[in-house]
Amino acid sequence: MKRIMGYSDRISVCPHDTIRFMVSSEAAGDYSARLVRVIHGDTNPEGPGYKEEAIASTVTGRYPSRRQEIHAGSCAVVPDHACLADLGSFTVQALVWPTTPAKGRQGLAGRWNGRTGAGFALGIDESGGLALRLGDGRGGVAEVASGKPMLAREWYFVAASYDAATGTVSLYQEPLVPYARTDTAVAITTPVALRVPGNVQAPVLFAARHAGSKGSRTLFAEHFNGKIDRPRLACRALTRLEMEQVRGDQIPVALQSSMLGVWNFSKCISSETIWDDSPNRLHGETFNLPARAMTGHNWTGEEMAWTHKPEQYGAIHFHDDDLHDAGWEVDFELTIPAGLKSGVYAAHVAIDGDEDFIPFVIRPPRGTATSKLLFVLPTASYLAYANEHMVTDAPLAELLTGQVSTMQPADMFLNEHREYGLSCYDSHSDGSGVCYSTRLRPIVTMRPKYQSWLGGKGSGLWQMNADLHITDWLEAEKLGYDVITDEDVHDEGYTALAPYSVFVTSTHHEYWTKQMWTALDAFKKHGGRLVYTGANAWYWRIAYHPTRPGVMEVRRAEGGIRAWAAEPGEAYHSFTGEYGGLWRRNGLAPQRMAGSGFTAQGFDISSYYRRKPDSFDPRVRFIFEGVGAEELIGDFGLIGGGAAGLELDRADRVLGTAPNALVLASSENHTGVYMVVLEEIYINSPGLCGGESDLVRADLVFYETPAGGAVFATSSIAWAGSLSHNNYNNNVARITGNVIRRFLDPAPF
Amino acid sequence: MYQITPEDRQYVDEFRKTPVGRHSPGLQRILNLFRGEPMAGKYVLVCTKPHREWMLGQFTGVRGEKIRMTNQSFTSLDEAEWYVFKQRWKRHTGEDLPD
Ligand SMILES: [Fe+2]
Chain A
1 MKRIMGYSDR ISVCPHDTIR FMVSSEAAGD YSARLVRVIH GDTNPEGPGY
51 KEEAIASTVT GRYPSRRQEI HAGSCAVVPD HACLADLGSF TVQALVWPTT
101 PAKGRQGLAG RWNGRTGAGF ALGIDESGGL ALRLGDGRGG VAEVASGKPM
151 LAREWYFVAA SYDAATGTVS LYQEPLVPYA RTDTAVAITT PVALRVPGNV
201 QAPVLFAARH AGSKGSRTLF AEHFNGKIDR PRLACRALTR LEMEQVRGDQ
251 IPVALQSSML GVWNFSKCIS SETIWDDSPN RLHGETFNLP ARAMTGHNWT
301 GEEMAWTHKP EQYGAIHFHD DDLHDAGWEV DFELTIPAGL KSGVYAAHVA
351 IDGDEDFIPF VIRPPRGTAT SKLLFVLPTA SYLAYANEHM VTDAPLAELL
401 TGQVSTMQPA DMFLNEHREY GLSCYDSHSD GSGVCYSTRL RPIVTMRPKY
451 QSWLGGKGSG LWQMNADLHI TDWLEAEKLG YDVITDEDVH DEGYTALAPY
501 SVFVTSTHHE YWTKQMWTAL DAFKKHGGRL VYTGANAWYW RIAYHPTRPG
551 VMEVRRAEGG IRAWAAEPGE AYHSFTGEYG GLWRRNGLAP QRMAGSGFTA
601 QGFDISSYYR RKPDSFDPRV RFIFEGVGAE ELIGDFGLIG GGAAGLELDR
651 ADRVLGTAPN ALVLASSENH TGVYMVVLEE IYINSPGLCG GESDLVRADL
701 VFYETPAGGA VFATSSIAWA GSLSHNNYNN NVARITGNVI RRFLDPAPF
Chain B
1 MYQITPEDRQ YVDEFRKTPV GRHSPGLQRI LNLFRGEPMA GKYVLVCTKP
51 HREWMLGQFT GVRGEKIRMT NQSFTSLDEA EWYVFKQRWK RHTGEDLPD
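Taken in order, these protein sequences are the chains called A and B.
All residue numbers for the first sequence refer to this note's numbering, where the first residue is 1 and numbers rise by one.
All residue numbers for the second sequence refer to this note's numbering, where the first residue is 1 and numbers rise by one.
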């Protein structure tokens with residue numbers, strides 16, 4: 001089991017920047033830490049093995065172990081306010097869409113002082129129905145409950161009023177859609193003996209209950225799963241008619257003085273602010289990034305973009321497993337010394353029997369480049385997959401891999417510690433898709449030495465640990481390189497790429513923001529050369545949070561291979577208002593960027609490429625220097641035993657492959673586990689798997705760009721796993737080296 | 001759902017030789033059934049020594065619950081595949097396959 005883990009506040013730093021490391025260690029004694037430059041992470045004895053360069057630094061030392069916890073689950077908090085000071089009578093109401101009413105107690109909206117037990121809290125009780133809890137602050141608690149469970153995934157109007165003068169409580173639980181023989185409506189008016197004091201001294205809280213504090217952190221419990229829309233707080237017991245009158249966005253003049261809070265979640269959607277339309281301005285903040293830009297109770301289906309009709313997107317979807325920032329205390333920090341070469345680095349922390357690598361990138365000194373060759377670490381794609389739970393949560397995992405799934409000790413830990421947060425391949429505990437991911441937490445899938453169930457027979461490599469095959473080979477070939485991250489490309493645009501002449505992708509550069517796409521497009525237009533050593537890149541359009549670094553969003557809209565599907569009307573990113581889904585469905589298929597785009601996937605064994613007539617064209621003689629005409633390319637390797645495997649791309653003029661592109665080779669003989677991607681399938685039919693469909697293949701593609709640059713695409717995730725075969729002496733390494741050396745030569749194509 | 005037939009016995013040897021890789025359509029159909037089983041009771045291999053040793057476990061089917069470990073341990077993934085295949089074959093046909 002994992003016993004030591006950590007994360008850093010930044011993922012990419014320049015000399016003189018400071019990076020902080022947060023560690024949780026369950027060891028009895030100290031843990032050790034040191035800085036390493038990571039060269040290779042694959043521990044497979046069939047390959048070159050793990051390689052690092054130890055770096056002397058101020059980090060080196062022993063640190064006291066301490067267990068740091070993560071508290072997942074989202075909510076929204078409005079700080080206590082003078083206008084709430086003498087609240088006696090009140091009405092609290094909202095429209096809610098519970099997704100797990102049966103899971104136990106859940107908070108909806110309330111003002112409860114956890115220390116004194118005074119206040120009120122509207123929520124769902126063990127019966128799955130609405131309940132109002134009142135506390136007098138002297139140990140007395142009264143509860144009025146509907147006693148009827150609400151239906152999951154149905155909108156309800158819920159409300160409770162309390163008249164302090166008479167001690168009367170009214171409770172309403174009303175479904176917006178009626179069903180025959182299924183009556184879940186409740187209206188109760190009943191006296192309660194207890195008196196709620198006015199001076200409660202507590203914030204207004206949505207979707208959870210306060211559970212005390214730990215250090216400087218407020219803790220929450222009883223997280224609600226589901227949507228809350230248009231919550232309201234009034235300073236007297238409203239009648240049912242008055243509740244109806246303040247349900248909407250226009251508060252009647254006669255009721256305006258009764259309203260304390262008129263929250264409008266359709267404002268500030270791209271932020272963490274919850275906005276109060278009332279003159280009191282009881283604005284608050286969301287915590288742990290609940291999903292915004294969610295369809296409200298009044299969404300009609302006529303408008304799909306929240307920016308066009310925000311008033312139909314007044315809902316926030318809260319989850320008990322949302323996570324933004326683990327919020328751990330800092331263990332140590334490092335100011336990057338001058339003179340360290342750009343590369344993939346890690347803080348290595350270790351205790352008896354366990355270790356962790358906290359990876360980050362060191363860039364060249366700001367504003368400079370130390371090589372013409374740039375390797376971009378796909379940190380957006382790492383975030384999308386961060387701590388994915390597919391093996392434990394999705395029965396189809398074994399069908400995709402054609403192998404009994406394998407798990408690492410870190411995966412076992414994640415299975416039992418859901419608070420470490422989910423990936424965009426997971427579903428929340430209520431079954432809704434995970435559209436946000438954060439790097440402010442330990443990410444076990446983004447580590448050297450990590451083996452993935454998804455990484456094919458052999459080394460089991462996916463993402464970072466597969467990408468380290470590229471850095472290892474660059475080192476073996478003595479090709480100098482700089483490393484930056486997706487976040488740098490996003491933040492700085494073309495400026496980050498301009499000093500370079502060759503851009504080398506990762507094995508699986510799948511997730512791109514508009515800014516990243518545009519930067520790389522500009523690089524090509526300036527004559528930059530692109531070496532695409534992977535597959536399934538430029539696939540999902542994503543957004544980064546506008547103000548919170550290290551948080552990304554993906555909306556799995558419409559087509560494509562999706563671990564979940566965005567709900568109708570929820571295909572637009574909350575962070576930017578941009579339409580989500582595949583870049584292909586945004587008019588920019590991957591073929592437009594690299595001549596090749598996603599066509600098939602399977603995760604058992606890989607195959608090889610066979611040369612095609614185009615490979616004998618004099619334009620590409622340099623690529624095949626030293627490669628025989630009849631040689632199979634890449635019929636070896638650590639990822640599935642071949643260079644063509646896992647995810648495969650193909651050229652397609654209709655999707656944007658340049659008319660001058662040459663298809664140099666294609667893979668063949670894939671297994672029946674490989675299937676054509678969904679975006680190619682309009683009518684499903686037999687014959688869509690490897691060995692049957694011509695679409696199950698990887699195309700080796702080359703083309704020149706009008707600016708004198710060129711693009712080379714391997715179209716396979718497994719390619720990198722073949723580079724080190726036979727002590728780096730093989731035709732996959734030779735072809736890659738031939739391409740990169742020519743691409744580094746400034747002579748125009 | 002597909003049901004194993006007496007004719008499917010012919011594919012057992014093929015699996016024994018190549019548990020992971022290119023398969024005949026007949027074997028693939030059996031594997032689609034076996035590998036597609038629901039999470040409750042589904043087999044999983046937990047790596048105990050990287051690239052060298054794995055322990056067999058089973059999921060309970062409840063999200064977040066500990067994996068139930070068996071006492072079966074393997075030093076070859078192909079042997080683990082064969083063991084799991086035999087368990088599944090027995091459950092679907094009642095027949096014990098010889099080693
Ligand atoms: Fe992917």
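I should point out that these hints are in silico values taken from the structure, not numbers from a laboratory.
Heads up, a few of these hints could be off.
[Said to hold, decoys possible] With a straight-line cut-off of 25 Å between C-alpha atoms, the simulated SDA-like cross-links for lysine to any residue are:
#	chain 1	residue 1	chain 2	residue 2
1	B	49	A	585
2	A	103	B	63
3	A	309	A	524
4	A	524	A	547
5	A	341	A	36
6	A	103	B	90
7	A	449	B	79
8	B	66	A	706
9	B	66	A	175
10	A	372	A	68
11	A	309	A	250
12	A	2	B	11
13	A	309	A	175
14	A	449	A	706
15	B	66	A	68
16	A	214	A	193
17	B	66	A	51
18	B	66	A	100
19	A	372	A	58
20	A	103	B	79
21	A	51	A	350
22	B	90	A	549
23	B	66	A	501
Checked hints:
1. Between residue 49 of chain B and residue 585 of chain A, the direct Cα distance comes to roughly 44 Å. Violation of the 25 Å bound is thereby established for this hinted pair.
2. Only pairs whose Cα atoms come within 25 Å are accepted, and residue 103 of chain A paired with residue 63 of chain B is accepted, the gap being roughly 13 Å.
3. The hinted pair formed by residue 309 of chain A and residue 524 of chain A fails the criterion: a straight-line CA distance of about 38 Å is larger than 25 Å.
4. Using a Cα cut-off of 25 Å, the hinted pair residue 524 of chain A and residue 547 of chain A is violated, with the two alpha carbons roughly 29 Å apart.
5. Restraint check: the Cα-Cα separation between residue 341 of chain A and residue 36 of chain A comes to about 12 Å, which is no more than 25 Å; the hinted pair holds.
6. Note on residue 103 of chain A and residue 90 of chain B: the hinted pairing is violated, with a Cα-Cα distance of about 37 Å set against a maximum of 25 Å.
7. Restraint check for residue 449 of chain A and residue 79 of chain B: the C-alpha separation of about 24 Å stays at or below 25 Å, so the hint holds.
8. For the proposed pair residue 66 of chain B and residue 706 of chain A, the alpha carbon gap of about 57 Å is over 25 Å, so the pair is violated.
9. Taking the CA atoms of residue 66 of chain B and residue 175 of chain A, the gap is near 38 Å; set against the 25 Å cutoff, the hint is violated.
10. Between the alpha carbons of residue 372 of chain A and residue 68 of chain A the distance comes to roughly 42 Å, so the proposed pair goes past 25 Å and is violated.
11. For the suggested pair residue 309 of chain A and residue 250 of chain A, the alpha carbons sit about 16 Å apart, so the restraint of at most 25 Å is met.
12. Using a Cα cut-off of 25 Å, the hinted pair residue 2 of chain A and residue 11 of chain B is violated, with the two alpha carbons roughly 40 Å apart.
13. A C-alpha spacing of about 24 Å is found between residue 309 of chain A and residue 175 of chain A, which places the hinted pair at or below 25 Å, so the restraint holds.
14. For the hint linking residue 449 of chain A to residue 706 of chain A, the alpha-carbon distance of about 41 Å lies beyond 25 Å, and the restraint is violated.
15. Of the supplied pair hints, the one linking residue 66 of chain B and residue 68 of chain A holds, its CA atoms being roughly 21 Å apart against a limit of 25 Å.
16. Annotation: proposed proximity of residue 214 of chain A to residue 193 of chain A is violated, straight-line Cα distance about 34 Å (limit 25 Å).
17. For the hint linking residue 66 of chain B to residue 51 of chain A, the alpha-carbon distance of about 33 Å lies beyond 25 Å, and the restraint is violated.
18. Proposed proximity of residue 66 of chain B and residue 100 of chain A is supported: the alpha carbons are some 22 Å apart, at most 25 Å.
19. Between the alpha carbons of residue 372 of chain A and residue 58 of chain A the distance comes to roughly 30 Å, so the proposed pair goes past 25 Å and is violated.
20. A threshold of 25 Å between alpha carbons decides the hint, and for residue 103 of chain A with residue 79 of chain B the separation of about 41 Å lies outside it, so the pair is violated.
21. Restraint check for residue 51 of chain A and residue 350 of chain A: the C-alpha separation of about 17 Å stays at or below 25 Å, so the hint holds.
22. Between residue 90 of chain B and residue 549 of chain A, the direct Cα distance comes to roughly 53 Å. Violation of the 25 Å bound is thereby established for this hinted pair.
23. A C-alpha spacing of about 50 Å is found between residue 66 of chain B and residue 501 of chain A, which places the hinted pair above 25 Å, so the restraint is violated.
In this structure, the hints that do not hold are numbers 1, 3, 4, 6, 8, 9, 10, 12, 14, 16, 17, 19, 20, 22, 23, in rising order.
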